[in-house]
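Asks: Each chain, letter by letter, is given below.
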Amino acid sequence: MNKIIFLCLSVMVLFFIAGCRKQISVIPERPPQTEIAPKKVNPFENVDTSGNAVFTDASLSDDLSRQAAEALKTIYFDYNSFQLNTDAADRLQIIAAFLKSNQGLRILVIGHCDERGASEYNIGLGEKRARAAKEYLINIGIEQIRLETTSYGKEQPAQGNCIDEICHSKNRRDEFRVLAK
Amino acid sequence: MLKKVFISAVITGFFVFCHAEKFDLEVYASRFDSIPVGVIDFVSANGVTINENNPGSIIASDLDFCGKFHVIAKQVFDSAAFTNENIGIYIDGDYALENNSVIINCNLRDVATRDLIIGKKYKGDIRVARSMIHKYCNEIVEMLFGDQGIFESRFIYVSANGNTKNISVMDFDGFNQRTVINNKVINLFPAFTNRNGFLWTSYIKGRPNLYMGSVLDGTTKPFMASRGIETSPDVSPIDGTVAYASSKSGNLDIYTCNPDASDVKQLTVTYGVDTAPSWSPNGYQIAFTSDRSGNPQIYIMDADGANQRRITFESKYTDSPAWSPKGDKIAFMAMNEHGRFDIWTIAADGTGAVKVTDMQGSAENPTWSPDGSLIAFTNSSGGRNDLYVVKADGTRLRQVTKSGDIKMPDWSGY
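Quick note, the sequences are listed as chains A and B, same order. Residue numbering for the first sequence follows this note's numbering, beginning at 1 and increasing consecutively. Residue numbering for the second sequence follows this note's numbering, beginning at 1001 and increasing consecutively.
Bound-form chain B, shown alone (with noise of 0.2 Å):
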């Protein structure tokens, strides 16, 4: 009620501006629990036309894509159907092709007037015509609901190939896979440490230690090796500390260190595995998989490593804790009866354990969206993994990937 108040407040600003003095009520009468929006495909202003990836399929995705909106894609206007779908607000556009840029005009209007909210003009080489979209997705995000849209955001995963690993990255959509890692060894666990840092664990010397690369040249060096094991990186927000677990003193424990290396703390000192640490978003806390418990199960602990607890009681067999960049909750996945597993959230306190997903494969490896309103996962089903999206309250599954190869995904910031 209070989102819809303030998504209200916000649009009402908006259309006593513009004069479109019905919307704030169709948004109360609205059935969705996200803003209702039509979108219709952009003409072409000079007769050349796209035949792939019009820009109105790719906006009408975007906001359907992050949960927010209850998106109808129309390929003109339709005032019946919007108004029969309590719809206030549409997109509509042109797009001029001259050699190879594009001119993209996007506008927002009111569904009874017509009339502008908001335009936008893009122009820029046709090549990043998807981002030039993006960037307008996350401006309308911005607009309607004050938070910054994820349409710019990034995954990097291990894509499978064959009896090696390799590491690689693609839009928030499944969009331009590319892989940035292919030495011909297994690689595991790629960890954003800024938007084109990140760090992960390679056998580029037969031993699993920590490698630092860049996806904007591929370049690769050395963060963090021992005789043992090093695995499972993951970045502060607040100032770039390294979380990791290392076997360097006998079997895995977490460590952090600075984001050069040095000053490496040992955190937990048990005969257990302790694994797969995972930062709160202030950066005071970190959660954990330990199974000093006999079996594997999520803990947290302070940045310094006291007060360590467990927190999760729901499976015999819990692992992958991603910590929520809102900092409310923490999603993981469990083992269910038939020995697949299945993806939960927690608060951060034990409570209000939820299991959001359902599914016939196993889903693995939750990472949250920059905004904390979706969580990316695999699912491995049949021999094939692959990357869906679901909203934190477990609604609006979407499958993005149909490769089959990935795994290990981490969702980067905006």
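Next comes chain A alone, as it looks inside the complex (with noise of 0.2 Å):
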């Protein structure tokens, strides 16, 4: 009788380690995951962590001031696009002109999107806006460390609650601004 409560006992035992292995065999191992460092680390290394904006808008004279307005014109793009169309490389022509005319100033390449797409993408595609403005203006001899770029994406259109394309194609731009030394 003893014999066959012991049996009956070890087969339960077994069945219940065969579940128990497989239980774990389905559940997928997180791979082994690297001891956190606790090491001490400043990702604004090389940024100013104070207060200031990073980007502060240069003050110029009336003169200065005036030349900029005329030659840092807003430049516009075709929906869900970064290329430059002619209209846009003959207005970086004259933004060029004027960067080498006044060899001390730098500027910085704003990218917007109109108002339609999603927010996170519009991020991304306002910056590729900004950036090939820079690298066009690179390209025709200005200095990279003279160009900023920054994205808004779709939130700060020029035009809000468009309903049109002429409306929306007033928000896909490049915008510029001449930033303090």
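Because the hints were derived from the structure by calculation, they are not lab data.
Computed beta-carbon distance windows for the label pairs:
(1) Ser81/A - Ile1126/B: 56 to 62 Å
(2) Ala58/A - Ile1238/B: 44 to 50 Å
(3) Asp87/A - Arg1310/B: 33 to 39 Å
(4) Glu143/A - Thr1395/B: 57 to 63 Å
(5) Asn139/A - Val1269/B: 20 to 26 Å
Distance condition first, Cα-Cα at most 30 Å in a straight line; then the derived BS3-like pairs of lysine-lysine:
(6) Lys73/A - Lys1248/B
(7) Lys1221/B - Lys181/A
(8) Lys1265/B - Lys1221/B
(9) Lys1074/B - Lys1120/B
(10) Lys1135/B - Lys1120/B
(11) Lys1074/B - Lys1121/B
(12) Lys1135/B - Lys1074/B
(13) Lys1184/B - Lys181/A
(14) Lys1120/B - Lys1391/B
(15) Lys1391/B - Lys1355/B
(16) Lys1326/B - Lys1391/B
(17) Lys1326/B - Lys1265/B
(18) Lys100/A - Lys170/A
(19) Lys100/A - Lys1248/B
(20) Lys1391/B - Lys1316/B
(21) Lys170/A - Lys1316/B
(22) Lys1326/B - Lys1407/B
(23) Lys1248/B - Lys181/A
(24) Lys1265/B - Lys1248/B
(25) Lys1184/B - Lys73/A
(26) Lys1326/B - Lys1135/B
(27) Lys1248/B - Lys1184/B
(28) Lys1407/B - Lys170/A
(29) Lys170/A - Lys1184/B
(30) Lys1121/B - Lys1135/B
(31) Lys1316/B - Lys1407/B
(32) Lys170/A - Lys1248/B
(33) Lys1355/B - Lys1402/B
(34) Lys1402/B - Lys1074/B
(35) Lys1074/B - Lys1391/B
Cβ coordinates follow ideal geometry from the N, Cα and C atoms, glycine included.
Grab the two chains, each in its own frame, and use the hints to assemble them into the complex.
Replies: Written as structure tokens, this is what we have:
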């Protein structure tokens, strides 16, 4: 009798172990975690972490301010594109001429998108628009160090609540600002 | 069916204990895929009445919100109405207001016998009365379903304010809206790191970089910055590893780093835009948006960047993936033929794509409830952006806010 009970118990234990094994095998093992070293890091190592903005507008003389307003005209893009069209290229030539005759100046290129896309993607697209202008200016002889870029995606439209293409087209743009040294 | 059996089994445990034998049959006979429950207005125990936010109406609203109940709210007990609706259980109670404190008695009862199944008593400051009721609703859900309730969860979101955009928080039901970041610049993509901490993208210094903040005291500190852009943070629910998009190598790619911003790893290296990472709940994988095929589409990859593959083919423009806490689905926004967005869900293997919303406005930035049963999103229409919630199967759509200034919501954990 005791043997039978012992046998039954053994079989049950075996089943239990088998069951456990099966369960474990279907749970994918998490890749081993590398221990997080408690090292001190400063992600802002090369960045000014004071409250001051990185991009401060230059204070220009009246005359230079007029010239800048004349030269740094907004350029526009096609829908979902960061290709520079001929109008944009013509305007970038004027911007380059302005920068060449005002060697001390740095500019910020700000990429924007229309309101139709997704916020996440448009931040990236706006940056591509800003970088397209920056690369064009570098290719025609402007020093890289004088050019900064950023993107506002679709967060600062020139015209809000657009319902037609004419309105949307005014938001797909690069704007330019003269930065303090 | 399995769910019904499970629910019945759970409830059976109660009715055996409480001698409410008819209850199990009534749940089976129900025509609803959710538990029918009656809620009647709470009465004042000492004559001092609450004019707004009667505990009964908050309970009815909570239980209806979560989609697990079919709620019939009545001012007084109505046996005929409850029986006609196949309702086996109901909630009643009373409250006593005294100076600035309140005592609330909540009772779950059997409709047939009116016997008490379980009673709970809460006492506290009148200002936290809603929280007490939410806590009770969490207990009801846990008791009947064995799941945690979502009634103490909350949203962090972008609240538009003219040319600046602030970061605000509110309860899951749109109450207690409170601005935590108001720094006169544009702030985007807030994401909870835990119940009180969050990461977000701010133009504090002119560039969009990542910052870390606390909803408790509004304190902030820089988290990650480069000469490019840092955006769209998402925190692994397993170990707090932060996934984000950065353009420090030229254009937006996906990176990960430790919760202290150390050990930065670049996961994607493409000429296109890679952004909007969303962790799978087990921390093995990341969904993200990429335009490497020409238009933005949803991709997934392993947490180390391996096995990158596209999973959406339904629309020419998809973005904002959000991996369900259950792990089974990824919600995303997809552009329709009118140039507006709908919310869709898809399995992680790219099968079973389903359109969840079909609204007049543009439905954007989905985020899951902590139990994975609901999807919240913003609907943009006529210049107004409000938060909506829908069950993952597309039913029970409801508007949560009416302030018109809500964008990029992130739903907290429990």
